[in-house]
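Residue numbers (this note's numbering), protein chains in the order written: chain A, 1 to 398; chain B, 399 to 796; chain C, 797 to 1172; chain D, 1173 to 1548.
Hints are computed from structural coordinates only; laboratory data are not their basis.
Hints should not be assumed to be uniformly reliable.
[Claimed, not checked] Only some residues are given here: those of chain A computed to face chain D with a beta carbon under 8 Å:
#1 L274
#2 R282
#3 Q294
#4 T307
[Said to hold, decoys possible] Below, computed lysine to aspartate or glutamate pairings styled on EDC-like, alpha-carbon distance capped at 16 Å:
#5 A:K102 x D:E1545
#6 B:K753 x D:D1375
#7 B:K442 x B:D452
#8 D:K1510 x B:E625
#9 A:K355 x C:E992
#10 D:K1305 x B:E744
#11 C:K1011 x C:E984
#12 C:K929 x A:E287
#13 A:K68 x A:E18
#14 D:K1305 x B:E685
#15 B:K753 x D:D1371
#16 B:K717 x C:D798
#17 A:K355 x C:D999
#18 C:K1134 x A:E227
#19 B:K500 x C:E1169
#20 B:K442 x B:E534
#21 A:K355 x C:D995
#22 C:K929 x A:D284
#23 C:K929 x A:E346
#24 A:K319 x D:D1174
#25 D:K1205 x D:D1222
#26 D:K1234 x D:E1291
#27 B:K442 x B:D580
#28 C:K858 x C:E915
#29 C:K1013 x C:D982
#30 D:K1510 x D:E1220
#31 D:K1384 x D:E1319
#32 A:K44 x A:E60
#33 D:K1185 x A:E396
#34 A:K355 x A:E32
#35 C:K809 x B:E794
#36 C:K829 x C:E844
#37 A:K102 x A:D22
#38 D:K1310 x B:E685
#39 C:K858 x C:E869
#40 D:K1305 x B:D682
None of the values given here were measured: they were computed from a predicted structure.
Positions of the beta carbon are idealized from the N, C-alpha and C atoms, including for glycine.
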Amino acid sequence: MDFHLSEQEENLRQTVQEFVHDELVPLEREFENAPDIFEGTRWKTRARLSSDPDVKHYIEIMEALEKKADAKGLWYLDVPKEYGGMQVSNVAMIAVTEELEKSSIPFEFGNHVSNILYNCKGEQIERFLWPCVRGEKTSAFGLSEPASGADPSMLQTVAAPDGDDFIINGTKMFPTFADVADFVQLFARLPGTKGREGVTCFLIETGTPGYRVVRSIATMAGTEPCELVFEDCRVHRSQVLGEVGKGWDLNQAWLGARRFQVGIRAHGAAQRMLRSVAELLRADPVEAQRFASQVGRFAGELAALRTLTYFGSWKADQKMDVRSEAANVKLFATELLHHVIDFALEVAGPSAMRKTHAMARAFRHARSNRIIEGPSEIQRHIIQRALFREGITFLELP
Amino acid sequence: MDFHLSEQEENLRQTVQEFVHDELVPLEREFENAPDIFEGTRWKTRARLSSDPDVKHYIEIMEALEKKADAKGLWYLDVPKEYGGMQVSNVAMIAVTEELEKSSIPFEFGNHVSNILYNCKGEQIERFLWPCVRGEKTSAFGLSEPASGADPSMLQTVAAPDGDDFIINGTKMFPTFADVADFVQLFARLPGTKGREGVTCFLIETGTPGYRVVRSIATMAGTEPCELVFEDCRVHRSQVLGEVGKGWDLNQAWLGARRFQVGIRAHGAAQRMLRSVAELLRADPVEAQRFASQVGRFAGELAALRTLTYFGSWKADQKMDVRSEAANVKLFATELLHHVIDFALEVAGPSAMRKTHAMARAFRHARSNRIIEGPSEIQRHIIQRALFREGITFLELP
Amino acid sequence: MDLRLSEEERLVKETAAHFVARELISREGAYLKQRELFLPPGDPPRRELDPEIRSLLTERAKQVGLWALELPEFVGGSGMGALARVLIHREFGRTILPFEPACIPGLMANDENVTALVEGRLSLAFAFDQVHKSGTLKEVETRFRPESGGFAISATSIDLLNPSADLFLLPAREQGTNRIGLFLLDRETPGVSVGEVVDLTADSQVGRLTLKECKVKENRLLGYQYEAGEIIACEQLRLAARALGIGMRCLADSIEHARSRVTFGRPLSQRQAIQWMLADLSINLRTCTWLTLEAAWRADQGMLYFAVAALAKKRAARMAFEAADTAIQIHGGYGVCKEFPFEGFYREARLMRLLYGCEQEMDRISGEMFITEGAG
Amino acid sequence: MDLRLSEEERLVKETAAHFVARELISREGAYLKQRELFLPPGDPPRRELDPEIRSLLTERAKQVGLWALELPEFVGGSGMGALARVLIHREFGRTILPFEPACIPGLMANDENVTALVEGRLSLAFAFDQVHKSGTLKEVETRFRPESGGFAISATSIDLLNPSADLFLLPAREQGTNRIGLFLLDRETPGVSVGEVVDLTADSQVGRLTLKECKVKENRLLGYQYEAGEIIACEQLRLAARALGIGMRCLADSIEHARSRVTFGRPLSQRQAIQWMLADLSINLRTCTWLTLEAAWRADQGMLYFAVAALAKKRAARMAFEAADTAIQIHGGYGVCKEFPFEGFYREARLMRLLYGCEQEMDRISGEMFITEGAG
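Chain A extracted, bound-state conformation (with noise of 0.2 Å):
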């Protein structure tokens, strides 16, 4: 057994480290007040929208700071070595994950593409992967509906074959910077079918005849997620991605690849919370002793999130069975986070609530969490039919 990083992860955690120091760190300051729109790697599509002179000026820092980190080879690290890219470990994407999030910067390195695209086969290729490696297009994730979240049978647009086309009709709720992607990743059923069977995934450009980008809601979250109308939109055949009738699957390996990253992103935000406490209680030491035992219990369950997630990243690097782990690793972290938001604004008390603060941003972000991409009720579920299916293996150390 041996938890230390190989020597080739070891390296790439000491870069990003160095480039958080370096260039991250120091922008802290300047970016407390900086406008709301900068998370993740897709800020750009959305901030191009805003005539705000402020988003233009954070706008050329962090393009600044994407060439900087290209320069340093940290660009493409997720990506496979066939498109060009690094094609690092799974747990070399969560030590890099976890050096970014010590700065409070909402920098990521790029370009991320949407793992199941690398499914694209011929032409698929060039229209559609390529453009998002490059960075030149961004995707949309279109599963849930109305009234459907995690249970494919509920999912109601429909893909009728036409001779070599589809058409397709329903109603997508929330797939977020839909308003904004190139594309989306669209999720239908054929005709007739029911559960998973007949689930099929489209790629679908922005501007298609039939597919609407209806409006974008407002949330608590700030992110604006959509609605898409599709109406009669006729698509080829040749935009099927992977099999017919198996696009459950895909929206199924594109949700667990993601969990351990957000895994470590609430790890990454607890900790900076729990940072600011401690600021916070470094200057009172009455308060500090009052809450001391309250920060040492978070800081333990963070040193807990921390390893699950390291575990499960290793997991799927052996190419293990990791859904029950990701599972795991998703209902922990955002539980976790929202605790940890929710003891920071007890100890920094109503001055924390106002919008601009950091505390407050992370209570209103934090709660979405708990519910996207699979809520806390739908994580206990998949961890339970793994413990009733395989009983206590999971502790049968590999």
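Place chains B, C and D on chain A using the hints.
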């Protein structure tokens, strides 16, 4: 709206308060190392079995207390007037128990009669009810079975009609005190019936041919519940309590009435634990600071439990439906007591794990409260069922 | 013991319930509706009630006696006791529409501004910032000292909710004696400044109030320690009552949604995970309801009630937060959408938990008392 | 990173698993069986393993190398590293049978009593009572001072687990310097007395150890601060590993019971309330497993590991308690019966939570560190 006790209730409460102050509190030191068998009102039947001279000594003390209580008019409080009792309200009984629980002496006013025995008719009254009222006989409650608890459909003991008799076959698990009781209130079903239908309650004397108490069972709580076996046990139809086939309602009534008392007892036990903690902390100001907020939190939760219990009892006095209120109280009380004890042990440390330490005793005794007479899951089930049936009408003030 | 509402109490409650359903909840749809199809990037702006609708509602509330509840009728108030006010605020808590009866403490009945306040020409803010930590007056640092014909008050920086108010009620500590005084202050008084007004995460604002040797007349000293404590307890009861309303709304809507939403072939209402959440919430609602009512009843009886009011606020605000959290979870993706009321309740309840006493500090104070006195 | 067990690690684990299944779990039925049909009133007496069975098991454990794990092989030990020991103790935690490999710290390898200890002719107790509060040495009050040819040790009253032991290992503080020394003490040393031996709520005993100017030779000072700290960390890892075993057993049996027990027409395994309990427990088990293994691995690597070992113990003991609590709840009335193992695990785990660091105090220490250093 008026939260005051009535004058009569208040007088009773004060009498009990004085009794506790004058008679019980002075005995507390002496009871610190008393044997673990003086809980409830049925202690005598079991204590008599002991050859320990120490036990004899405590029996004498307890019997002297009974006489004093009787002399002050504190006996037969909840016995109906027609049986010579005072028939005080549910609220008054809560106030009485609340006062009693302020002392750690495990003394209760008698004689409590299993409330469903007031359904006795004809010669049953002289044979079963009166001796219980007078404290000459005690009864056990025979409901649960090796494979059944709260679910009537799993009840397998059968009472087959045979002329004027019934022939009973089956096994009962966990009736407490059955080994020393004079008769058992036994629940069995008519052949071929399902669910609640056909469940009938019988009164069966110890020693009836075919009825055997097989053994008593060691538990963590030191309560020694019993296993009963019925093999072709023949009982006359005059031993049916209430109506044939209506036994399940009696069971529900029995449970319902007890739950408010369970609530106020847990309140008292938790309050005493918290007072012990306070006593430890008064001797150590640094520790007092560290644990103060938890003490305060629990004190607040106890206040909440208290008001919940009084409210439910008041509703019971108004003959309103209190199934959900009773479930609220049982659940909230037993879970809270569990947490308070856990906290007390954390403060007191390993030395309080000595077997005879009051906290260790409470620790062992409290665990089964979350299971017996309807586990927490059943309570939550009752509560949610009422919610989905009646919505939030429970918050419409009466 | 008689826990039935009296005829009068029932009338008050029903009037409020009727007003809230007919005038407020009916307007929620329009208030919550998103105005533009596509949103600008970033966090959505603070929501505000249309001023015209606000005036209209104010008029109607006055007509049915749901205004200036604390003040006696001779100055245009409704002369309600604490229990009646709890019943009213509980109803107003059930809507996300930001409208509630003006709170003008009874001790202002004789103030020169009372009519203007009742009529809505002036507005009042409680500048009780330093009280929010513990729900007591011990952290008050604002200073006053007697001067000829009045007092001079100074404070460096007070977080002020409702920063657009014209009058400020605030506790201050006398230099030397450390005695608490409760003062009424004009925004126009020289030395008063309100700056840095920004949005809160709840749909309200905060500003910084600074007082530099502000001189007030003698009659602006409205009370001492006890009166300031009463303001705190009244606010705690008001918040507790609002929290009960939030809890009721969230529970009712969640039950409704769970009945109708089907996943994996069964309605949510048949899933124990959902049932349990709601069962636990309902227990919490029950205990908070009775604690709050009991505290208010004690106030009306002239009994000690500060500690129970504090406990009621602490538990009820937490309950409301959990109720909103549960409602969001049960509503899934829609739960965090601004067209639904739950995320708004969630933000409001989070703030409420931090006002007039934070949980741990309130617990600590009552714990210290318990430890010292050995009783609950 | 390679989280697979090495061949050697796997062998150790399988040997222990095999021994526990074949020698211990197979004897549980007889051990738990109630001997009399009707019980005397009062709390059931403490259970003990039959001494003959204990000797038999000791012999067999020695044969397969599961004895004196910490000691080098040349004195009859197994020379295991921390990770291997965790793998072993985890297996022993899975049974309620009170039997586990003797713990003889490596630093006793050169002591004159080591052979007698390994052979079981003498037994050893850790008199670390004052350490249980925080899991650190700061509360140690036992005093020592150098004397000609050795030291004199005094302590007023130390709670001593395993009070029948012949040798005591204990930390003490030097008068004047306050430096910690780690001492080995004979029960027969003049001034040593063990009194008030009583049962604990777990199936073990406690006594009071008093030391009155006990004189020991120089070679009985086995180490200083670091060595005493290592004893604590090793014990924490041992407890954490046992806790993992308890958790695994409780989870496995609960899954099994939930599959077969039918109520209201469906097996418990189909009820979300049950599923959720077990899902939450399994998450907890996973995190505790990896924290414990990582701490042990760090120890073997010569890296800092005290803080992780402390955290692993804190979380794992709590997890084991919750696992036993869950198993009891799922088994219903049988859960608290002494013929089932769960109530025994519940009592043992409750005690474990209080040994070598209570939760809140451990949290406080790590919290203070976090606050001071601003890092995790």
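Now for the hints, and whether the structure bears them out:
1. Given the 8 Å rule on beta carbons, the hint for A:L274 holds: about 7 Å separates it from the nearest Cβ of chain D.
2. Proximity of A:R282 to chain D holds as hinted, the smallest CB-CB distance being about 6 Å (cut-off 8 Å).
3. The closest approach between the C-beta of A:Q294 and any C-beta of chain D is roughly 7 Å, which is under the 8 Å cut-off, so the hint is satisfied.
4. Interface restraint check: A:T307 against chain D, minimum CB-CB distance 4 Å, threshold 8 Å, status holds.
5. About 15 Å separates the Cα atoms of A:K102 and D:E1545, which keeps this hinted pair within 16 Å; it holds.
6. Our distance criterion of 16 Å between C-alpha atoms is met by B:K753 and D:D1375, whose separation comes to about 10 Å.
7. Straight-line distance between C-alpha atoms of B:K442 and B:D452 comes to about 14 Å, which keeps the hinted pair within the 16 Å bound.
8. For a cut-off of 16 Å, the pair hint linking D:K1510 to B:E625 stands: about 14 Å separates their Cα positions.
9. With a C-alpha separation of about 13 Å, the suggested pair A:K355 and C:E992 falls inside the 16 Å cut-off, and the hint holds.
10. A threshold of 16 Å between alpha carbons decides the hint, and for D:K1305 with B:E744 the separation of about 9 Å falls inside it, so the pair holds.
11. Of the supplied pair hints, the one linking C:K1011 and C:E984 holds, its CA atoms being roughly 11 Å apart against a limit of 16 Å.
12. About 11 Å separates the Cα atoms of C:K929 and A:E287, which keeps this hinted pair within 16 Å; it holds.
13. With a C-alpha separation of about 12 Å, the suggested pairing of A:K68 with A:E18 holds against the 16 Å cut-off.
14. Taken as a hint, the D:K1305 and B:E685 pair is honoured in the structure, with Cα atoms around 11 Å apart against an allowance of 16 Å.
15. At roughly 6 Å between alpha-carbon atoms, B:K753 and D:D1371 fall within 16 Å of each other, so this suggested pair holds.
16. Under the criterion of a C-alpha separation no larger than 16 Å, the hint pairing B:K717 with C:D798 is consistent with the structure, at around 13 Å.
17. Distance hint between A:K355 and C:D999 is fulfilled; the C-alpha atoms sit about 10 Å from each other, no more than 16 Å.
18. Annotation: proposed proximity of C:K1134 to A:E227 holds, straight-line Cα distance about 14 Å (limit 16 Å).
19. The straight-line distance between the Cα atoms of B:K500 and C:E1169 is roughly 15 Å, inside the 16 Å bound, and the hint therefore holds.
20. For the given pair, B:K442 sits about 11 Å from B:E534 by alpha-carbon distance, which is consistent with the 16 Å threshold.
21. Under the criterion of a C-alpha separation no larger than 16 Å, the hint pairing A:K355 with C:D995 is consistent with the structure, at around 6 Å.
22. For the given pair, C:K929 sits about 14 Å from A:D284 by alpha-carbon distance, which is consistent with the 16 Å threshold.
23. Between the alpha carbons of C:K929 and A:E346 the distance comes to roughly 9 Å, so the proposed pair stays at or under 16 Å and holds.
24. The suggested pairing of A:K319 with D:D1174 holds, with an alpha-carbon distance near 13 Å, which does not exceed 16 Å.
25. For the hint linking D:K1205 to D:D1222, the alpha-carbon distance of about 13 Å falls within 16 Å, and the restraint holds.
26. Taking the CA atoms of D:K1234 and D:E1291, the gap is about 9 Å. The hint holds against a cut of 16 Å.
27. Taking the CA atoms of B:K442 and B:D580, the gap is near 13 Å; set against the 16 Å cutoff, the hint holds.
28. At most 16 Å may separate the alpha-carbon atoms for a hinted pair to count; C:K858 and C:E915 meet this at roughly 9 Å.
29. Between C:K1013 and C:D982 the CA atoms are separated by roughly 11 Å; this keeps the pair inside 16 Å, and the hint holds.
30. Between D:K1510 and D:E1220, the direct Cα distance comes to roughly 13 Å. Compliance with the 16 Å bound is thereby established for this hinted pair.
31. In summary, the hint linking D:K1384 to D:E1319 is supported, as the alpha carbons are separated by about 15 Å, within the 16 Å threshold.
32. Of the supplied pair hints, the one linking A:K44 and A:E60 holds, its CA atoms being roughly 10 Å apart against a limit of 16 Å.
33. A distance of roughly 10 Å separates the Cα atoms of D:K1185 and A:E396; the hinted pair therefore holds under the 16 Å criterion.
34. Taking the CA atoms of A:K355 and A:E32, the gap is about 12 Å. The hint holds against a cut of 16 Å.
35. For the hint pairing C:K809 with B:E794, the CA-to-CA distance comes to about 10 Å; that is within 16 Å, so the pair holds.
36. Pair hint C:K829 plus C:E844 holds up; C-alpha atoms about 12 Å apart against a cutoff of 16 Å.
37. For the proposed pair A:K102 and A:D22, the alpha carbon gap of about 13 Å is at most 16 Å, so the pair holds.
38. In summary, the hint linking D:K1310 to B:E685 is supported, as the alpha carbons are separated by about 15 Å, within the 16 Å threshold.
39. For a cut-off of 16 Å, the pair hint linking C:K858 to C:E869 stands: about 12 Å separates their Cα positions.
40. Under the criterion of a C-alpha separation no larger than 16 Å, the hint pairing D:K1305 with B:D682 is consistent with the structure, at around 14 Å.
In terms of the numbered hints stated before, the structure departs from none.
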